[in-house]
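J.: So the protein lines, in turn, are chains A and B. For the first sequence, our numbering gives the first residue as 1, with consecutive numbering after it. For the second sequence, our numbering gives the first residue as 1001, with consecutive numbering after it.
Everything labelled a hint here was simulated from the structure, so no lab data went into it. In this text, all values refer to a predicted model and were calculated from it rather than measured experimentally. Hints are supplied without guarantee of correctness; some may be wrong.
[What the hints assert, rightly or not] Distance windows between CB atoms, simulated:
{"hint": "1", "chain 1": "A", "residue 1": "R22", "chain 2": "B", "residue 2": "V1103", "range": "42 to 52 Å"}
{"hint": "2", "chain 1": "A", "residue 1": "G148", "chain 2": "B", "residue 2": "R1120", "range": "50 to 60 Å"}
{"hint": "3", "chain 1": "B", "residue 1": "S1105", "chain 2": "A", "residue 2": "G148", "range": "51 to 61 Å"}
{"hint": "4", "chain 1": "A", "residue 1": "P157", "chain 2": "B", "residue 2": "V1086", "range": "54 to 64 Å"}
{"hint": "5", "chain 1": "A", "residue 1": "S11", "chain 2": "B", "residue 2": "H1078", "range": "56 to 66 Å"}
{"hint": "6", "chain 1": "B", "residue 1": "M1039", "chain 2": "A", "residue 2": "V7", "range": "21 to 31 Å"}
{"hint": "7", "chain 1": "B", "residue 1": "V1081", "chain 2": "A", "residue 2": "N87", "range": "37 to 47 Å"}
{"hint": "8", "chain 1": "A", "residue 1": "S11", "chain 2": "B", "residue 2": "N1071", "range": "46 to 56 Å"}
{"hint": "9", "chain 1": "B", "residue 1": "D1072", "chain 2": "A", "residue 2": "A155", "range": "41 to 51 Å"}
Note that CB positions come from ideal geometry on N, CA and C, so glycine has one too.
Chain residues, written in single-letter form:
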Amino acid sequence: MAPTKGVYARSPEPLIVRLAGRGDEDAFEELVRRRQSWVRNLMRRLTGNAALADDLAQEVFLQTWRKIRQLNHPARFPGWLKQTAVNTWLQHARRNDPLSGSVEVQDGDRITAGATGADIDLDRALATLEEPVRLCVVLAYHAQMSHGEIAEATALPLGTVKSHIRRGTDRLRSMLSGYWAADEVC
Amino acid sequence: MNEKRNFPLGEGRDPRLMQLFHESEHTHDDDAFVDVVMMRARKLRRRRSIVLLIGCVAALPAAWVLSAPFNDLAQALHGFVAQPIVDVGSSIGAPLIAPLNSVGSAVAIAALGLYAAYRRLFA
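Construct all of the structure, not just a fragment, from the sequences and the given hints.
T.: What follows is the structure, encoded as structure tokens:
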């Protein structure tokens, strides 16, 4: 590891964001290293497809690299990255059928705990939701954004966001009820 | 990014789903992803530099070729805009009304009037 990379690994994020904004490639690399888990997991939940999720995550970071110079307040980077990720997903969803590549699950199917892995089961359940509902649910549960933040990020009315999350939550509860049943038996 | 909030519930979130989302997260710390992103970022920067260079190189002959016609056009436009609407000859009052007695001032007054009308009707 180059000496500067070691220094960046120990540096506070706002400083790294500022340096990346000035075109420092090592600083940007450190940002990618720190944030890759969050972005890749978010895209995985939205796409249900690991390869596509990584492609979109790369796109998120390239958008970040293109525009990070415009970020005047480095402390706002986490929210700004979230917005970039949401925009990248929305662009992808507009261009393509967002359910392509994900696993199909019929209405009424229940997912049993332990049959696969929690992540695959969750992806299968999420794949049954309509694209805007899934986006709102993933932002609420994975990104832990408030309803207001989701409304702002997705440009959906607040009432619609609330209703999407309520509907999506009910649907996931029903699909994944095998998980809670297994817990209760144990 | 989630670590600071520590599972905020409320707003209708189901704690069991919250837990499941948390359990489904993977820790990605592989260098391969970072390397691919950085390779693409460097390529992007190189491409931007090349485009800038080509733009500068193309601007030089374009400026050389187009400067004379643009200069002629600007002179013709200036001559037209400065043309007096009413011929007042060389009387004493001519310099006083000169700023208003031109095609340019008439066009400017008309534009301001239209803008005011637009503001009144639609703003």
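J.: Does each hint hold? Answer for all of them.
T.: Do the hints match the structure? See the list:
In this structure, R22 of chain A and V1103 of chain B meet the distance hint of 42 to 52 Å, their C-beta atoms being roughly 50 Å apart. Between G148 of chain A and R1120 of chain B the beta carbon distance is about 38 Å. The supplied range of 50 to 60 Å is therefore violated. With their beta carbons about 53 Å apart, S1105 of chain B and G148 of chain A fall inside the hinted range of 51 to 61 Å. A beta carbon spacing of about 60 Å between P157 of chain A and V1086 of chain B agrees with the range 54 to 64 Å that was offered as a hint.
Evaluation of the 56 to 66 Å hint for S11 of chain A and H1078 of chain B yields a pass: the beta carbon distance comes to about 58 Å. Taken as a hint, the range 21 to 31 Å holds for the pair M1039 of chain B and V7 of chain A, whose Cβ atoms sit roughly 23 Å apart. For V1081 of chain B and N87 of chain A, the hinted distance range of 37 to 47 Å is satisfied, since their beta carbons lie about 46 Å from each other. Range check, S11 of chain A to N1071 of chain B: Cβ separation about 54 Å, and the 46 to 56 Å hint holds.
Checking the proposed 41 to 51 Å range against D1072 of chain B and A155 of chain A shows it holds: the Cβ atoms sit about 49 Å from each other.
Taken one by one, the earlier hints fail for this structure only at number 2.
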